[in-house]
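These protein sequence lines map, in sequence, to chains R and V.
Each residue of the first sequence is one higher than the one before, starting from 101 at the first, in the working numbering.
Each residue of the second sequence is one higher than the one before, starting from 0 at the first, in the working numbering.
Just so you know, these hints were derived from the structure itself, not from any lab.
Be aware that one or more of the hints could be misleading.
Stated by the list, open to error - DSS-like cross-link-like pairs, simulated, lysine-lysine; straight-line CA separation at most 30 Å:
| no. | chain 1 | residue 1 | chain 2 | residue 2 |
| --- | --- | --- | --- | --- |
| 1 | V | 502 | R | 245 |
| 2 | V | 327 | R | 143 |
| 3 | R | 143 | V | 452 |
| 4 | V | 778 | V | 452 |
| 5 | V | 416 | V | 452 |
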Amino acid sequence: MTEKEETASGGSKEFLTVAVAGQVFGIPVLQVQDVLGEQKVTKVPLAAREIAGSLNLRGRVVTAINVRHRLQLPALAAGSKTMYIVVNHKDELYSMIVDSVGEVLSVPDKDFEKTPATLDHAWRDLSLGIYRQKDNLLVILDVPKMLESLCMRDSDAA
Amino acid sequence: MDDLVQEFLTETTENLNALDSDIVKLEQNPNDKELIGRIFRLVHTIKGTCGFLGLPRLEMVAHRSENIMGRYREGSLQVTPSSVSLILEAFDRIKEIVAGIAKTGSEPSGDDSALIAKLDAVFEGKAAPVAAKAVAPLQPVASAEEKSLRVNVDVLENLMTVVSELVLTRNQILQILRTQQDSPFTAPLQRLNHVVSELQEGVMQTRMQPIGNAWSKLPRIIRDISVELGKKINLDMRGNETELDRQVLELIKDPLTHMVRNSADHGIEAPSDRVKAGKPEEGTVMLNAFHEGGHIIIEISDDGRGLNSDKIRKKALEKGVATEEQLKAMTDQQVQQFIFAAGFSTADKVTSVSGRGVGMDVVRTNIEKIGGTIEMKSVWTKGTTFTIKIPLTLAIVSALIVEAGSERYAIPQISVKELVCLSDRGENKLEKINGTPVMRLRNRLLPLVALRKVLQQEEPAGNESRSQQVIVVEVGANIFGIIVERIFDTEEIVVKPVSPVLKNIPIFSGNTILGDGRVIMILDPNGIANFVNSSVGIDAENRNKREETRVVADSERKVPLLLFRAGEGSLRVVPLSLVSRLEEFDCKNIEISGGQKVVQYRSKLMPLVPFSADVKQKEQGSQSVLVFSDRERSMGLMVDEIVDIVEERIDIQVTSEDGSAILGSAIIQGKAVDVINVGHFVSTVHKDWFGSTESFQSAQKDGHKKILLVDDSPFFCNMLSPMLGGAGYEVVSTRSALEALNLCRNGETFDIIISDIEMPDMSGFEFAEKVRSNESRWKSTPLLALSSHATPQDLVRGKAAGFDDYIAKFDRDILLKTISRMGDAA
Numbered sequence: 101m102t103e104k105e106e107t108a109s110g111g112s113k114e115f116l117t118v119a120v121a122g123q124v125f126g127i128p129v130l131q132v133q134d135v136l137g138e139q140k141v142t143k144v145p146l147a148a149r150e151i152a153g154s155l156n157l158r159g160r161v162v163t164a165i166n167v168r169h170r171l172q173l174p175a176l177a178a179g180s181k182t183m184y185i186v187v188n189h190k191d192e193l194y195s196m197i198v199d200s201v202g203e204v205l206s207v208p209d210k211d212f213e214k215t216p217a218t219l220d221h222a223w224r225d226l227s228l229g230i231y232r233q234k235d236n237l238l239v240i241l242d243v244p245k246m247l248e249s250l251c252m253r254d255s256d257a258a
Numbered sequence: 000m001d002d003l004v005q006e007f008l009t010e011t012t013e014n015l016n017a018l019d020s021d022i023v024k025l026e027q028n029p030n031d032k033e034l035i036g037r038i039f040r041l042v043h044t045i046k047g048t049c050g051f052l053g054l055p056r057l058e059m060v061a062h063r064s065e066n067i068m069g070r071y072r073e074g075s076l077q078v079t080p081s082s083v084s085l086i087l088e089a090f091d092r093i094k095e096i097v098a099g100i101a102k103t104g105s106e107p108s109g110d111d112s113a114l115i116a117k118l119d120a121v122f123e124g125k126a127a128p129v130a131a132k133a134v135a136p137l138q139p140v141a142s143a144e145e146k147s148l149r150v151n152v153d154v155l156e157n158l159m160t161v162v163s164e165l166v167l168t169r170n171q172i173l174q175i176l177r178t179q180q181d182s183p184f185t186a187p188l189q190r191l192n193h194v195v196s197e198l199q200e201g202v203m204q205t206r207m208q209p210i211g212n213a214w215s216k217l218p219r220i221i222r223d224i225s226v227e228l229g230k231k232i233n234l235d236m237r238g239n240e241t242e243l244d245r246q247v248l249e250l251i252k253d254p255l256t257h258m259v260r261n262s263a264d265h266g267i268e269a270p271s272d273r274v275k276a277g278k279p280e281e282g283t284v285m286l287n288a289f290h291e292g293g294h295i296i297i298e299i300s301d302d303g304r305g306l307n308s309d310k311i312r313k314k315a316l317e318k319g320v321a322t323e324e325q326l327k328a329m330t331d332q333q334v335q336q337f338i339f340a341a342g343f344s345t346a347d348k349v350t351s352v353s354g355r356g357v358g359m360d361v362v363r364t365n366i367e368k369i370g371g372t373i374e375m376k377s378v379w380t381k382g383t384t385f386t387i388k389i390p391l392t393l394a395i396v397s398a399l400i401v402e403a404g405s406e407r408y409a410i411p412q413i414s415v416k417e418l419v420c421l422s423d424r425g426e427n428k429l430e431k432i433n434g435t436p437v438m439r440l441r442n443r444l445l446p447l448v449a450l451r452k453v454l455q456q457e458e459p460a461g462n463e464s465r466s467q468q469v470i471v472v473e474v475g476a477n478i479f480g481i482i483v484e485r486i487f488d489t490e491e492i493v494v495k496p497v498s499p500v501l502k503n504i505p506i507f508s509g510n511t512i513l514g515d516g517r518v519i520m521i522l523d524p525n526g527i528a529n530f531v532n533s534s535v536g537i538d539a540e541n542r543n544k545r546e547e548t549r550v551v552a553d554s555e556r557k558v559p560l561l562l563f564r565a566g567e568g569s570l571r572v573v574p575l576s577l578v579s580r581l582e583e584f585d586c587k588n589i590e591i592s593g594g595q596k597v598v599q600y601r602s603k604l605m606p607l608v609p610f611s612a613d614v615k616q617k618e619q620g621s622q623s624v625l626v627f628s629d630r631e632r633s634m635g636l637m638v639d640e641i642v643d644i645v646e647e648r649i650d651i652q653v654t655s656e657d658g659s660a661i662l663g664s665a666i667i668q669g670k671a672v673d674v675i676n677v678g679h680f681v682s683t684v685h686k687d688w689f690g691s692t693e694s695f696q697s698a699q700k701d702g703h704k705k706i707l708l709v710d711d712s713p714f715f716c717n718m719l720s721p722m723l724g725g726a727g728y729e730v731v732s733t734r735s736a737l738e739a740l741n742l743c744r745n746g747e748t749f750d751i752i753i754s755d756i757e758m759p760d761m762s763g764f765e766f767a768e769k770v771r772s773n774e775s776r777w778k779s780t781p782l783l784a785l786s787s788h789a790t791p792q793d794l795v796r797g798k799a800a801g802f803d804d805y806i807a808k809f810d811r812d813i814l815l816k817t818i819s820r821m822g823d824a825a
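So that you can see chain R by itself, here it is in the shape it has in the complex (with noise of 0.2 Å):
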């Protein structure tokens, strides 16, 4: 991501938004491949705390992250409806569970912000940055990232 060096030129980003207990947050359009309602989600037991379970996207297995719980947020309320943003890094599949998903928003260079320094650190780590908006700021998930670091944790808690 080059937000930085752009802010100062005309040009503008899309993201789709989604909403992570009462946060708006934005994911880079193009690294979402697909957006589904409910799923049936195989748990996994031995799992990082994180890590929903796996479900069955047309014949693939993807592997269900809780963003929730990653965001080291409390978890919803059983029974609440949740969303599956399917993303692929590095041809594996995965699906970020979230709260509900907006609109995809067209937000121009000029809005960008560095991530605050005195936000909680597992924030910091997985944002790329904030949008100011009218109403509220759209904070910018890093999506490779936050797989990555999961894939490092648990070789660590191996």
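Starting from the structure of chain R, add chain V where the hints point.
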């Protein structure tokens, strides 16, 4: 036609087609070195293979062409159109001959002398004769291709994946159909079902190759070994035509070659020895492959000398993979399994053939990697037999679907021996020993493990009245039962690798999608076996280690002690568990470096310290050394004589000051002995050797930090308490983890907890997990593991269990520093 010739034809035809276009390119770029090199190599390959296969006519033509190409390559001959034409003519002749071979299976007769004379003339630098007119119009050399076709492996792999998906979809549709009655789809789906099955079989067939392909090089290898070592060996290969998946074949090729080589080199004796032993002069190495219930069995046996258990014992001791005590308790069969340990070779000499000590461990790992098993039976003087059992294919496996903790899992059928239904009455009853489930199965005790427990699933809220089934699995030579709640069906499943974020869980070997569309995890019996290891004992080495610790705990905590003599005065003693090895070094090898005695040990320099000034430094002969090591570091303590190893309960009277060589005294076998302070020697070396000169006095300033010490051995409690006390801490010691947890419940608090790992009742790992659990009041207290067997796995496991750090027992300098650091952080 011979397989080899067939293969040669396919390859040569391909090469020749490439050559044609290359030569034409050469004519246009006569100075392209790379191109000339490539042509040269191709011609050379053809020539070489012809010689090997006994095709003199072909070889002759190829040879002369190669000569010319050789001169082109050196640059000593100009590439001219006329000479190129001549070479083309030669290639045409080669094609002609190749076509003849393809037709009749042998070289056609014919006269090449005219062509050869022309080629020789060009080679000698004479002007090429006027380009000969094109030879008789060519028959396309296709006959070899008609029967076999080279297909890129990727294409087949891809086809296989697609078929796998098709199989899954078919299963799904069949599943839906089962719920419908009188569906108009029934008949066409039946047909689809058959077609898919046939297609699957067909695609599998394309991947199948006879195992003979992996064996084709063996006769040559055996011949070379016989010549080199002066042995007479007959290689008997049976079941050549047994087919298995190409992928599997590739993976077992090297292990097989290695094992056959081993059999010929280590197994078969020299002819004279064989005659002496009353055997025929010629030894036999037999390979036998056959199908058995969905997998392939390969036996490699020899009628050689077999494994000498005594020699292995000696070697095991030398290599430090087991102690004398452990070895004593092992059966020959168990001892023989050591050949699968890394770096183990019983060959007396390293020959060019084998004996470098790399091998059998790799063989076993490779075979287990593809879901196979390897067993060995050996009888001294009679011979050795290895039995390898491998799946036919890796892509589609037959698996048993089971349920535990309301999720379903697949277990590969290959490791399932039988299924047993547990009942409250009758023989198949679940019994418990100290909470560990076992059952009686045909007069044998079968250790059990609950899958739910392996997967750390919650216990069901109710009781255990749910029906339980036991899957008896066999992994290597170990048999154990896995308790599951339900057993469904067997299904053909397509193994898909698990996502990288789940790779670290050793219990799963993959995942798959079932007929009903749900994803399930595939259990890895090897992984479960390793988990079970803690209760069942998977390899002899570990089992024995555990048995030993149990014995120590049961017999009123006797400690194995090493008695030795060093300098004047009484016998000295050190707990054996602190000593990593006993060594004898030749005095010639002891050198001085930077004022410090050192010796080369395991390709590193190890510092040597005399026990005291009056330990006589011998001029020659060998020096007895006790080696202490922890992770990367080691040091040797020079002593006069090692007297004995005894198992005694000792009461140690701590008499000494901080940092002295003697910790205190004790009575052993009625005699007073000095208990040495290993920490003293280690720290003398470590201070200047490893740069840890910083003193640990800082601990003093912490005042009255309270430390809880959990160690089942009174010896260590007695040794550590005064030492920590001396450093200014208040120490409370308990003899078991349970006792410690009681303290926790009673509301005691500590600044630091130090725990041993190997303890009866509850291990240090379990203790740490309990301490770190949410309801524990001690969950944020720094936790330090203390043990005498620190392997990297222990470190990792300790960290995972919740320990903050891991320290070797005798490393007191580090221990004090760590405690001080932790105390500050707390």
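**OP:** With a cut-off of 30 Å on the C-alpha distance, tell me whether residue 416/V and residue 452/V pass.
**Re:** holds, 21 Å
Original post:
Is residue 778/V close enough to residue 452/V, meaning Cα to Cα at most 30 Å?
Top reply: Roughly 23 Å separates the two Cα atoms, so the pair holds.
Original post:
Are residue 327/V and residue 143/R close enough, with their CA atoms no more than 30 Å apart?
Top reply: violated, 47 Å
Subject >> 30 Å limit on alpha-carbon distance, applied to hinted pair residue 502/V and residue 245/R >> reply: The hint holds at about 18 Å.
**OP:** Verify the proposed pairing of residue 143/R with residue 452/V, using a straight-line Cα cut of 30 Å.
**Re:** holds, 15 Å
In this structure, the one hint that does not hold is number 2.
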